[in-house]
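The residues making up each chain are set out below.
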Amino acid sequence: MPENLQHDVLVVGAGLAGMRAAIAARANGASAAIISKVHPVRSHSNAAQGGINAALLDRGDDWEDHAYDTIKGSDFLGDQDAIEVMCRQAGASLIDMEHMGVTFNRDDEGRLGTRAFGGQRRARTFFVGDFTGQALLHVMFEQLIKSGVRRYEEWFVTSLIMEDGKAAGVTALEIRTGELHLIRAKTVILATGGCGRLFEPSTNALIVTGDGMGLVYGAGGQLMDMEMVQYHPTTLAGSGVLISEAARGEGAYLRDKDGNRFMEKYAPNMMELASRDVVSRAEQTEINAGNGVDGCVYLDCTHLGEALIMEKLIQIREIGIDLAGVDMIREPIPIRPGMHYIMGGIKTDIDGLTNLEGVYAAGECANVSVHGGNRLGANSLLDTIVFGERAGNHAAAAARGRSFGEFNTTAAMLQESRRIQEMLDRPDNGDRWASIRQDMGESMNRNVAVFRNEEGIQETLGDLHELRRRYENVPVHNKGKSFNTDLVFALELGYMLDCADTIAAGALERRESRGAQFRVDYPQRNDEEWLHHIVVTKSDGGPQISELPVTITKWTPEERKY
Amino acid sequence: MDVTIRVKRQDPEATGERRLPHWQEYPVSIADNATVLDALIQIREDDDGTLALRCSCRSAICGSCAMRINGHAALACKTIANTVVQNGVITIEPAGVMPVIKDLVVNFDLFWEKIKQVDPYLKHIGQVPESEYVVSNEAMLHLSGVTACIMCGACVSDCTVLEVDPTFLGPAALAKAYRFTADPRDGDNQGVSTERLWALSEPSGIWDCTRCNECVQVCPKGVAPMDRIMAMREQAIQAGYANNNGARHTDAFTESVGHSGRLDELRLPIKSVGMMNLPALMGYMPVALRALRRGKMPPIAHKNVENVEAVRRLFQKMEPEPAPPQVSTNSPFG
Amino acid sequence: MKYAFFPGCVSQGGAPELYPAARMVCDRLGIELEEIPGWTCTGAGVIQEKNQLFGDTLNARNFAKAERMGLPILTICSTCQGVMSQANHRMRNPEYLAEINSYLAEEGLEYSGNSEPKHLLWILIEDYGLDQLAPHITRQLTELKVAPFYGCYIVRPTEALDIAEHPERQQSLEMLIDALGATIIDFEGKTRCCGFPILTINERNSMAMVGKHTSEVKDLGADAMVTPCPLCHLNLDGFQPKAASQARRSIDLPILHMPQLIGLAMGMSPTELGLKKHIVSTGPLEVKVGGRR
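Keeping their order, the protein sequence lines are chains D, A and G.
Letter 260 of the first sequence, counting from 1, is numbered 260 in the numbering used here, and no numbers are missing.
Letter 24 of the second sequence, counting from 1, is numbered 24 in the numbering used here, and no numbers are missing.
Letter 61 of the third sequence, counting from 1, is numbered 61 in the numbering used here, and no numbers are missing.
Pulled out of the complex, with its shape left as it was, chain D reads as follows (with noise of 0.2 Å):
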């Protein structure tokens, strides 16, 4: 018997974003669900450790100020209507996430406190240790049991159902059993994270493969900035993992192979705390000519002191001594520059929505576009709080006014299940979808990582067509039905060669260096031709390009020195 399952508000992804977005969804009286390929509280946003930004008035700080640093940080390419509502609203989305619990960090009189971040002139990250994000994670899942949100967990997203260019639901596969279903929804929020998987080594989880953005590419919706690709100043050598700007943010340093802070060439104000793409570029010049170790520099907290690290970077330690066997209250600790976070997304407008009717995004798979160029550490969990929750209002007052579609849901499981069935049923004999993953990440983060020139972009996208057609023949080994993640990884990395290709093509397109895109190349930024977002949309041919403009409203693009 077919099951009726439907929704006002439909979010895909339980991470900050998205709890946010179904929680608010809920409060305007919604019938909201929420669908995750894992639990909620094993979602990335756990990953995000320094802490979150807000200008609060009562602390003399002021959102202009706020702005103005994000905007410059973003090298000019964010939108700066969108920064003005993310910066205005800081400081009561960050008074909510403290009066539902979240155990910040205090200062001597009680009051919130804060630690300094890059490329920001004042301290106005707040923050829970180096688990800011896991802490806010946490308790929006108290918050998301509190609402009675109808959760799927562990059911993975396999198409987004259009009608009559509206959205209509998803089709999604219940990992524990197998079983595919079909979910209807007026509205359709994706809050499914960023894609940093594509690269390899990432910083991000394993689950981080841009489905929403596949998702949404796949409908017709529009990419944009996606060449936009963070690399991270300090993460650790070996295993690619996050080691927190938080420890620079307490004064930590980045020394050569002889000791030396090199940051004084390049950041000689801000110095470890320029922004992170400044800082990265600094890193691997000093790498590339030679001042490294086994390509990597030092982050050395060996002067912060045992009670510090141990008060404020504790798991950041924990991580040193499980993954490198380097104790950092007692050494300095091998970094290099990795990939982190994708600024480029779903282009949404100021209430996530798309391109697409009844189509919302938010959190990192969007793009509003805030981060422009370059993100500042600590927006990123503001960016989901904040348009998680302008989504999810705005999905449910836009639900409140439409119908269910009226489609044919047999027809549209059937293909679906016609697809899955037949990936299942291809002969063994293909390269395995880790061999593909494997060299598409290493393709992408030797030509479209912190240095790039035509040449090289060329060439990852020629991997990229080959792989496109080892990943036509993709075996899938598992036949089974129950937690079948050999099918879900298949699956997802048609996701992931889709993203790969539009960052490929905006890293392209964009021929000037700007943020985290630098083309050795194009060395300079050229505002007179580039200063506009590239648009990437799916045709036969290949990722279609067009341009946007960038919304300027009080700040005029000036140099950008640290």
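Since the hints were made in silico from the structure, they are not lab data.
Where chain D lies over chain A, by a calculated footprint (3+ residues, C-beta under 8 Å):
1) 5-16
2) 43-51
Below are the DSS-like pairs computed for lysine-lysine, each with C-alpha atoms no more than 30 Å apart in a straight line:
3) A:123 <-> D:146
4) G:190 <-> A:8
5) A:271 <-> G:277
6) A:8 <-> G:145
7) G:276 <-> A:303
8) G:277 <-> G:212
9) A:303 <-> G:2
10) G:277 <-> G:218
11) A:271 <-> G:212
12) D:146 <-> A:116
Computed list of chain A residues with no C-beta within reach of chain G, every gap over 12 Å:
13) 30
14) 31
15) 69
16) 112
17) 141
18) 188
These figures come from a predicted structure and were not determined experimentally.
Don't be surprised by glycine CBs; every beta carbon is placed ideally from N, CA and C.
Chain D is fixed; fit chains A and G onto it per the hints.
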């Protein structure tokens, strides 16, 4: 490094022996600093796409990959393989207590149900401040030691009470409860979470822990659930919820030692179950009679230790006056 | 070899057969025991949950007295071992130790923080040497199948018990059983809880634990279970009939205190070792080791 990963597998869809738990060995060659998770991922990617496990972050923050490694619960991503090799083998089993779905994937439904049972969200009685709550950094740091919990289920896997009694709230949910009972923002103006402590003092709550330390030992994040449970026992007694076997046991024990220096084993059970609880006392009769017959009853006349006055003085100085008993008769469980 | 002896309350209370058996075995092995005068209960972890300072001060008081005797501490109770080690671990914090010493000063006592109390089991391995037992062994136990039961406090938490320094402590019972010539029956439950701490709080669960461990071992063919913990013994032996009736099966597994097993191997009689005081009959076991005809 060459090592054999010995995995306890089971497949609900299979027929015959593969449906039941069985062992499969995977010889792998891994880097010297590889984690157990690296080895399992290598198996999944290169050798056997049917091996089911959960994992995601690779850095002990998402809580997906708790499993038994050489018999004890641990995060695979936080365990360096070469530290746990025994005669060339690492033995991997699914987490305990929770039912297996497939291979190393277990069903967390009951785990989350128990989290839900402790009302896992801040409940403040009274006016919420306009700006943030003003509380001490120490209080927040203390709580952060508990909110560091990633809900991986390692403690639940190895809990000795859950092994025999699925109704026990268990270490993860109780640590979660403590995160609120110890939060100055939860409960009344003094930060006392009276209702929670009442509910937690009911059967299957804080008093059912055996203090076996398994959860403290296996927790990968230093949350020390058992210590939090013990702290809640004290909070409950302070809040006046002392009229149950557990609280009476602790009181009687402390009093006995505070009075005589040693334990009065004969009177302890009587005080624990309550002087008036005749059915329970009768329950001990056969055991007592058997013991008496064997000549192993504790001495009827309990003797004091030498210089007992010194002990009594210590006791008087350190033992706070208990709070008056709660008079409320409304159980939050209705 | 001479030690400050800390017997613990239960070895003279609920398990009175333990104290004389331990004394006798140590005496025969040439381990001299001088009881700490006026020792008090360690708090058994129970006092600590209500009032840690009081509980830890009681331990500091015992340690200070042993220091005054100039002797290292030997105990025959795992729970005491665990609680002493945990208190000692906390007292590595100099401020905490100073606070505790301020209370002890009234009695004219002071604890340096340097005691290392050890269970007889560890002492036999680390100080005495298992190979030194061999000359004392006069009875063949080869036919005797013995399951080890550590309980909790002598294996967890590992940090307080210095397991990192002494990894062999996690195998100590098996090493001893082997050195005594008996056959080891290994089982997963050997480091689990016996259920004693919740006996009066949730008897059903407590009995379930007793039933689970004893019947598992019984089904593996064990003749007996041996434990270094008198509290485990109280539950596993004293409450075994009740656990068996809850589990609706017969179990009848003799539970030996660790010194009793050593004594048997040294040729002592079951009666003098106090085996008659056990609730579960040790008769079949005695027949098997030739302790009775």
